[in-house]
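2 protein chains.
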Amino acid sequence: MTQRIYDQSRRDFFRKAAFAGLGLTLLPSIIEAKSEELTKVRLGFIGIGLRGSDHLALVLRRPDVEVTAICDIDASRIDIAQNMLKKAGRKPAQVFTGSETAYEKLLKQTDVDGVIIATPWLWHAPMAVAAMKAGKYTGLEVSAAISLQECWDLVNTHEETGVPLMILENVCYRRDIMAVLNMVRQNMFGELVYFHCGYQHDLRHVKFNDGKTVHASGAEFGEKALSEARWRTEHSVKQNADIYPTHGIGPIANYININRGNRFVSLTSSATKSRGLHNYVVAQGGEDHPNAKVDFKLGDIITTVINTANGENITLIHDTNLPRPYSLGFRVQGTKGLWMEDGNTMYLEGVSKPHEWESSLPYLEKYDHPLWKKYASLSEGASHGGMDFFVMNAFVEIIKRKAPAPLDVYDAATWSSITPLSEVSIAQSGAPQFFPDFTRGQWMKRKPVFAFGNDY
Amino acid sequence: MTQRIYDQSRRDFFRKAAFAGLGLTLLPSIIEAKSEELTKVRLGFIGIGLRGSDHLALVLRRPDVEVTAICDIDASRIDIAQNMLKKAGRKPAQVFTGSETAYEKLLKQTDVDGVIIATPWLWHAPMAVAAMKAGKYTGLEVSAAISLQECWDLVNTHEETGVPLMILENVCYRRDIMAVLNMVRQNMFGELVYFHCGYQHDLRHVKFNDGKTVHASGAEFGEKALSEARWRTEHSVKQNADIYPTHGIGPIANYININRGNRFVSLTSSATKSRGLHNYVVAQGGEDHPNAKVDFKLGDIITTVINTANGENITLIHDTNLPRPYSLGFRVQGTKGLWMEDGNTMYLEGVSKPHEWESSLPYLEKYDHPLWKKYASLSEGASHGGMDFFVMNAFVEIIKRKAPAPLDVYDAATWSSITPLSEVSIAQSGAPQFFPDFTRGQWMKRKPVFAFGNDY
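Protein chains in written order, with the numbering used here: chain A, 1 to 456; chain B, 1 to 456.
Among these hints, one or two may not hold up.
[Unchecked claim] So the derived label-pair ranges between C-beta atoms look like this: (1) His355(B) <-> Glu160(A): 41 to 49 Å; (2) Arg440(B) <-> Arg185(A): 52 to 60 Å; (3) Glu191(B) <-> Pro126(A): 47 to 55 Å; (4) Lys445(A) <-> Val282(B): 27 to 35 Å; (5) Glu356(B) <-> Val265(A): 34 to 42 Å.
Hints in this document: simulated from the structure, not taken from any laboratory.
Everything numeric in this text was worked out from a predicted model, so none of it was measured.
Ideal Cβ placement from N, Cα and C applies to all residues, glycine included.
Hey, can you work out the whole structure from these sequences and the hints?
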């Protein structure tokens, strides 16, 4: 297996693909490579918490995937994962645990073609860099990186090694998002002009628990808490930024071909005061709870406005500290009309009654994306309304085909860079920050690749 | 009448009110002044186009208003207004026309207590300054000013003369907006944190016509066009800014007591490319129409994010060039929940089912504002869903009572300053612009006054 991964011709393919601008123009080489196609993909899991387990459950439904290695610092999560394997009639996976660097040993295994990294955010970039250096197809959970240097580390390592990194941004595959992508590509909205999106999700019960049960009541975070509250909440204590931008921005980036004929140029960000988390701690633990003294730096709502090279604007919102129903708040607007997620509304000039909204639901059904038509039944029961099936399917299929990633390292770096850029903008009263061009100019030549294929 | 308007004691009252911070604390003085209350208000109309006629129709329904003077450069509008007076059984008004400065003569009339200014935007501030100098209660249509200097001109003239200016921002009086104000004041949303608002109105048929009929098809603007297209469109040719901010920002400013305990601190603005107006010209007049060569500077969508002294953020949108149904897109969010206009949704923690939207409509009905309960039947048939009744009622009632304006010169200046500030921000890639403090620090002491009374 080591031999196969490090095979010089494949490495050359990776390099060529990375530098030449992956895309439709490369399909012939990808097709040529098909003779070498894998029939079975051997995956290693780095981080097997709640999110890693979601992915594990998905691949255990696939006969074309073998889970050969799992890594987590929490032994109880290892047990859960092995039980899942056992229940699925699979062989136990080799276990890597006991220290924060156990993943390095997993990456040395020759029976691992690709890894799925679903760990706390601070580990994402270092682990992904190590995985690419080890020649493993790298499936990286969102966000990919938390500093600009980490974004560059991902890009540089990919370009040095030629190993594909795929950012596992599941919302890109949401059914309505892909139906709208289908409509966008049929020019139904005309020339695209404006977007809203964001992450609007009351995470207070995720950021805090009682240290005994996950997602229950409680005012603890950090070492006294379980699961995400152990590490995720710290970002709300320390960072005043859009700390989770990809669920909103990923779908929009695909609509307007970011890094593939278009790019993000600049952003401005603004933060409200911070009230929600403190109030929640007091409501859960009382005014004398030690966490009632914590100064949560994260503003309750972060608003970021992004300018693109092609003249579109995107308003991106981060809203996780206040009571509210979940909504990513999408709006897609062009010269011929617009779609809004909230309220399920649509308006298309010359089609809709003048000046009147109509329901978007019949459109979403009519323009259901071909991939959803193909895979809807297979995706049933997959987490997050089925979209997780699609993102994992894409990751598995590109490994089988030795193909480039449809959501690649440039997407990962560009989308994730919103976090550090917004942090500086907020600290400077909203001063515009300019996106690095992680493609080093290749965005002018690269072609769109997302969801054009028959299989992923 | 001149005597009465220039009466020293009243002038002193004006001055005291202007400097001491108009508000609840001043109610005793206002009540004292009641002995001098007018039973009939004599109004002059400066600008009697479509908007001025709306206001004229409203005051003709009131026995406590006499229309003594009308001014317009367009003789056909004068005829229409005189006919309206006649049909209402009123005496003809004195006419001022024939030149752009005819309004100066109207302002010299002694039988005019207050004027309503509903003219092209470039005339708003100069006319309002002249009206205050002439001692006339000044009702000024939106926006009030287009440059920062004009904003200061309004404020300085008000402070020098003591004459109240009311910005006639009708959306502040919209029924749902006032119901939400009622809910805000009952603390139902908790501490307020975040807002969306804007002016999202497909104005293409307003910005262009055929020069023969208003609001019909056609690709003309400027001298070849009728009505608003004669002057309003020029702002879309020349300015890349939020050129019409008050319908969105007025209601929000009332919710968070701007200039009365709170203030706008800074904004950032961003503009999309400009496509909608050019496309419309081509669709209406063909590619060879002379206006197809016009370079419309106004981006199709302008997004402005405002920071306040109390830590709220407001996202304000200007969207008038693309096909879309009308919506001001309000969102009001606090620590206990939120209301969204689009989709008519509401969420209140501990009241709504957890994580689920409910309809806002029963709330809007239940919390109907006392002023709407009082005046709903009187407002029936008034333009813009009745809200125009309320704004005009307030203007008439303050003149009768010699009271300060509930939406005053500081509001007019602050809200209108968004236009020039956004223009600079856009020109500087979104660089933050800082609001002048038009109250010269008095915002720290001034108390909220909007819609607390029994009569307006």
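Each hint tested on the structure:
1. His355(B) <-> Glu160(A): 41 to 49 Å: Distance hint for His355(B), Glu160(A) holds at roughly 45 Å.
2. Arg440(B) <-> Arg185(A): 52 to 60 Å: For Arg440(B) and Arg185(A) the Cβ distance comes to about 55 Å; the hint holds.
3. Glu191(B) <-> Pro126(A): 47 to 55 Å: violated (39 Å)
4. Lys445(A) <-> Val282(B): 27 to 35 Å: holds (31 Å)
5. Glu356(B) <-> Val265(A): 34 to 42 Å: holds (39 Å)
Checked against the numbered hints given earlier, this structure breaks only hint 3.
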